[in-house]
Amino acid sequence: MEITVKEIAEFLGGTVSGDENTVIRGVSGIDEAGQGDITFISNPKYRKKIESTRASAILVAPGIKSEKTLIIVNDPYIALAKALRFFDKGEEHPQGISSEAYVAESARVAETAVLYPGVYVGPDAQIGERAVLYPGVKIGSEAAVGEDSVLYPNVSVYRKCLIGKRVIIHAGAVVGSDGFGFANPGRENFKVPQIGIVQIDDDVEIGANTTIDRATLGRTWIQRGVKIDNLVQIAHNVTVGQNSIIVAQVGISGSTSLGRSVIIGGQAGLIGHINIGDGVMIGAQSGVTEDLEPGQVVIGSPILPHRKWMRAQTIFAKLPEIYKKMSQLEKQVRDLEQKSEKEK
Amino acid sequence: MEITVKEIAEFLGGTVSGDENTVIRGVSGIDEAGQGDITFISNPKYRKKIESTRASAILVAPGIKSEKTLIIVNDPYIALAKALRFFDKGEEHPQGISSEAYVAESARVAETAVLYPGVYVGPDAQIGERAVLYPGVKIGSEAAVGEDSVLYPNVSVYRKCLIGKRVIIHAGAVVGSDGFGFANPGRENFKVPQIGIVQIDDDVEIGANTTIDRATLGRTWIQRGVKIDNLVQIAHNVTVGQNSIIVAQVGISGSTSLGRSVIIGGQAGLIGHINIGDGVMIGAQSGVTEDLEPGQVVIGSPILPHRKWMRAQTIFAKLPEIYKKMSQLEKQVRDLEQKSEKEK
Amino acid sequence: MEITVKEIAEFLGGTVSGDENTVIRGVSGIDEAGQGDITFISNPKYRKKIESTRASAILVAPGIKSEKTLIIVNDPYIALAKALRFFDKGEEHPQGISSEAYVAESARVAETAVLYPGVYVGPDAQIGERAVLYPGVKIGSEAAVGEDSVLYPNVSVYRKCLIGKRVIIHAGAVVGSDGFGFANPGRENFKVPQIGIVQIDDDVEIGANTTIDRATLGRTWIQRGVKIDNLVQIAHNVTVGQNSIIVAQVGISGSTSLGRSVIIGGQAGLIGHINIGDGVMIGAQSGVTEDLEPGQVVIGSPILPHRKWMRAQTIFAKLPEIYKKMSQLEKQVRDLEQKSEKEK
Chain Z
92 MEITVKEIAE FLGGTVSGDE NTVIRGVSGI DEAGQGDITF ISNPKYRKKI
142 ESTRASAILV APGIKSEKTL IIVNDPYIAL AKALRFFDKG EEHPQGISSE
192 AYVAESARVA ETAVLYPGVY VGPDAQIGER AVLYPGVKIG SEAAVGEDSV
242 LYPNVSVYRK CLIGKRVIIH AGAVVGSDGF GFANPGRENF KVPQIGIVQI
292 DDDVEIGANT TIDRATLGRT WIQRGVKIDN LVQIAHNVTV GQNSIIVAQV
342 GISGSTSLGR SVIIGGQAGL IGHINIGDGV MIGAQSGVTE DLEPGQVVIG
392 SPILPHRKWM RAQTIFAKLP EIYKKMSQLE KQVRDLEQKS EKEK
Chain G
92 MEITVKEIAE FLGGTVSGDE NTVIRGVSGI DEAGQGDITF ISNPKYRKKI
142 ESTRASAILV APGIKSEKTL IIVNDPYIAL AKALRFFDKG EEHPQGISSE
192 AYVAESARVA ETAVLYPGVY VGPDAQIGER AVLYPGVKIG SEAAVGEDSV
242 LYPNVSVYRK CLIGKRVIIH AGAVVGSDGF GFANPGRENF KVPQIGIVQI
292 DDDVEIGANT TIDRATLGRT WIQRGVKIDN LVQIAHNVTV GQNSIIVAQV
342 GISGSTSLGR SVIIGGQAGL IGHINIGDGV MIGAQSGVTE DLEPGQVVIG
392 SPILPHRKWM RAQTIFAKLP EIYKKMSQLE KQVRDLEQKS EKEK
Chain E
92 MEITVKEIAE FLGGTVSGDE NTVIRGVSGI DEAGQGDITF ISNPKYRKKI
142 ESTRASAILV APGIKSEKTL IIVNDPYIAL AKALRFFDKG EEHPQGISSE
192 AYVAESARVA ETAVLYPGVY VGPDAQIGER AVLYPGVKIG SEAAVGEDSV
242 LYPNVSVYRK CLIGKRVIIH AGAVVGSDGF GFANPGRENF KVPQIGIVQI
292 DDDVEIGANT TIDRATLGRT WIQRGVKIDN LVQIAHNVTV GQNSIIVAQV
342 GISGSTSLGR SVIIGGQAGL IGHINIGDGV MIGAQSGVTE DLEPGQVVIG
392 SPILPHRKWM RAQTIFAKLP EIYKKMSQLE KQVRDLEQKS EKEK
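Protein chains in written order, with the working numbering: chain Z, 92 to 435; chain G, 92 to 435; chain E, 92 to 435.
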């Protein structure tokens with residue numbers, strides 16, 4: 092595939108600085124790019140690489156100047172995404188149901204769905220049009236996978252769980268395992284049956300080896316457009332609001348509810364039964380133990396407002412110095428008191 | 092299935108407040124319940140929902156009053172568990188060994204065991220009566236699974252590992268991977284073979300994608316009645332004592348030993364070669380680096396006694412204020428000293 | 092197998108203290124060892140067990156004295172590793188490709204490779220000599236596995252990813268899932284295609300259920316001799332330098348680069364786009380947000396130099412006491428100021 096810089100700029104809605112007739116054949120990272128490649132600068136940290144890259148063109152944000160051929164766009168990361176979709180058509184799949192997949196008689200699999208070898212689809216399960224189930228995907232009885240969804244190898248969906256349309260689930264993820272519910276914990280550990288489901292709405296992406304537990308009753312609910320990274324734990328009866336972003340290794344405890352557009356940094360943990368407002372941002376490794384109003388930006392374990400935490404952390408390192416000064420002050424004050432006593 | 096409130100109360104050992112002839116057809120969450128449903132209040136936080144729920148009856152703890160039909164029980168969560176078991180009989184399984192499962196010739200599989208398609212049972216492995224191996228479960232050579240145990244999709248049990256009776260292992264969990272043992276780490280990284288096993292005793296439950304490493308020598312040992320949540324890491328030669336509870340994403344390092352009824356909150360980490368006494372409670376996100384006497388309640392990284400940590404954390408947020416006051420005090424004391432000097 | 096203490100000492104390059112004609116038949120842990128077993132002491136914590144063990148011989152470091160039969164070696168842990176390899180020959184595998192494995196027509200599988208039932212090898216994939224793919228391993232199209240590598244059950248390797256020679260990957264690990272790249276996060280969540288690969292060099296070991304994301308462009312790169320524990324998250328475009336050690340549940344964010352021989356303790360997290368120098372040691376549960384020069388030893392979240400953190404942590408527990416003293420000091424200083432005012 093060959094295309095000129097001018098054509099790419101038109102496709103991306105950007106403007107060209109430099110030779111618009113330069114021919115592009117592919118997309119590449121700034122370090123690896125060679126002649127015929129287009130590359131991008133998104134993180135300002137790498138701006139100086141514009142001069143050293145061998146790429147034939149560079150996607151940049153407004154305000155960057157260079158003798159190199161640039162395509163100036165509002166958001167270079169979105170432009171990159173579009174360029175990648177243009178140059179990379181993704182994997183081609185074999186057609187239909189592999190003879191080495193197992194499909195229960197009562198299951199309904201769309202004719203255009205792709206089932207690789209080693210797939211299992213249980214009784215009364217449904218697989219939508221153009222869905223792709225990679226090798227080793229297991230769909231439990233009465234579960235459903237919507238159209239155009241892609242489940243990568245060895246994903247497990249337990250019975251009755253519902254996966255929407257255009258959902259992507261990466262390898263090894265588990266949807267619908269039992270919630271961790273035991274009465275009289277540490278003594279009797281009496282198991283509470285988990286008879287609810289997991290409902291995953293349209294356009295969700297779920298990372299590799301992430302686990303989402305089914306509800307005790309009702310549903311654990313991942314709403315439309317949510318993106319969840321790898322190795323995340325979502326407990327029973329959690330709700331994750333539309334378009335929220337959950338970075339790797341986060342854990343969300345039971346019955347906690349997230350609003351829309353919440354962003355949670357890696358390795359953060361949330362206790363159960365709390366409400367997180369729309370647009371809240373929670374820093375990496377935070378520990379959240381209370382409700383949060385919409386729009387708050389917090390970090391720490393337990394959390395503080397972001398600025399307050401920054402100031403407190405800065406001083407944390409000075410604690411030995413503070414402790415020493417404190418002892419000195421105590422001595423000085425004692426001396427002053429004794430003097431003052433004598434003077435009486 | 093239909094049953095009166097009176098009959099349920101008798102079955103659960105509770106007393107009725109309200110109309111004991113009300114007919115119940117199912118169990119539901121307090122928000123979703125409708126006519127004919129019984130629901131429950133366990134967390135006092137939700138007590139006010141008693142008046143708004145449309146459930147026909149509510150399981151509650153003693154002391155709660157309402158015009159609604161209540162069944163008063165000592166522990167509503169245990170009562171819920173019992174009611175759920177009554178109404179939900181769980182999944183029905185096909186009989187016997189699927190023709191699409193692989194069973195080594197020398198393996199012994201009980202006649203009443205259920206092996207779904209895509210199951211692998213290696214040489215000399217044993218599967219007990221009524222055990223259920225969901226699609227994609229892999230049982231290594233010489234490993235054993237006890238009677239009435241249930242292994243969900245894609246669980247991997249390495250060779251020689253022993254799984255007891257009535258054990259539940261959720262999807263993607265790994266039992267018996269090599270312990271992380273390398274001599275001269277960071278330089279030679281010389282692998283120490285891990286030839287021990289994992290032994291899981293009766294009535295244990297293990298969460299989705301949890302990993303339990305085999306011992307270097309001897310065994311990694313999960314004792315009777317232990318419940319482990321999702322994405323937990325148990326390293327080689329760890330012992331987890333009876334009825335302990337380990338919440339999601341906890342990591343326990345090599346050769347550490349837990350007593351009975353230990354409870355560990357989510358995302359906590361324990362270093363290796365330490366002993367944790369019976370009944371210890373470790374807070375979420377804690378970092379434990381020392382032995383703990385029985386019954387201690389600790390939190391923090393590194394840990395402190397719970398109350399001490401709470402007090403210290405409260406003041407952590409005030410560090411900028413403390414630092415400012417300290418500087419003022421220093422100035423004030425300097426001024427006083429100068430005055431005192433002059434007065435001489 | 093029978094061998095004398097003298098022969099073992101010669102094999103390990105150690106010296107004997109005690110009866111060198113003692114016959115050894117196996118290796119065992121210090122608590123479980125019986126007559127005919129050799130055991131070892133590596134952690135000084137267990138030194139007193141030398142006298143109580145029933146083992147017939149003990150591998151020890153120089154300087155330890157006992158009436159027991161000892162083999163004195165420079166590094167007992169390395170000696171143990173060698174002894175274990177001597178006594179334990181590992182698992183024997185069936186020959187060749189199971190009739191219940193799926194191999195695409197265009198894939199190239201070496202004649203000496205072992206493919207268990209339920210293995211999937213996609214189009215144009217390559218499997219090297221003597222490689223072992225346990226049941227349920229999935230190799231995507233155009234991916235490659237080098238000679239003598241061992242992939243345990245249910246490992247997923249996405250398309251085009253490259254696995255070197257003598258690599259060990261434990262059950263459920265995922266290599267090549269999409270990096271977590273979304274433009275306009277929290278609002279549009281526009282997916283950036285991830286068209287790069289994962290490259291894993293020779294002699295790497297990867298733990299159970301660990302996830303390694305493919306690069307956006309270029310490669311995520313795990314260099315020679317790296318050892319990664321269970322449940323670790325490696326994001327897109329990360330480089331892990333030779334012989335580095337990454338303990339369980341660590342998370343490394345996108346485009347971060349580690350030098351050689353870096354050691355990262357369990358549950359630590361690193362943000363994206365930073366450089367960690369050769370030989371850096373990062374403590375467990377740390378949070379790293381900045382570049383680190385070679386050889387630094389850090390801990391904490393955010394990190395501090397190890398000693399500084401130790402001192403600050405010690406004082407953290409005294410914060411309530413400091414706060415109280417501060418209030419007292421303020422009062423004392425106020426009193427002194429008033430006195431001084433009056434005296435004027």
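Simulated from the structure, these hints should not be mistaken for laboratory data. Everything numeric in this text was worked out from a predicted model, so none of it was measured. Careful, some of the hints might be misleading.
Copies of the same chain look alike in the list, so a pair counts if it works inside one copy or between any two.
Unchecked claim - List time: in silico EDC-like cross-link candidates among lysine to aspartate or glutamate, alpha-carbon distance up to 16 Å:
1) Lys156 with Glu142
2) Lys282 with Asp293
3) Lys416 with Glu123
Quick rundown of the hints versus the structure:
| no. | hint | verdict |
| --- | --- | --- |
| 1 | Lys156 with Glu142 | within (10 Å within a copy, 66 Å between copies) |
| 2 | Lys282 with Asp293 | between (32 Å within a copy, 14 Å between copies) |
| 3 | Lys416 with Glu123 | neither (54 Å within a copy, 54 Å between copies) |
Checked against the numbered hints given earlier, this structure breaks only hint 3.
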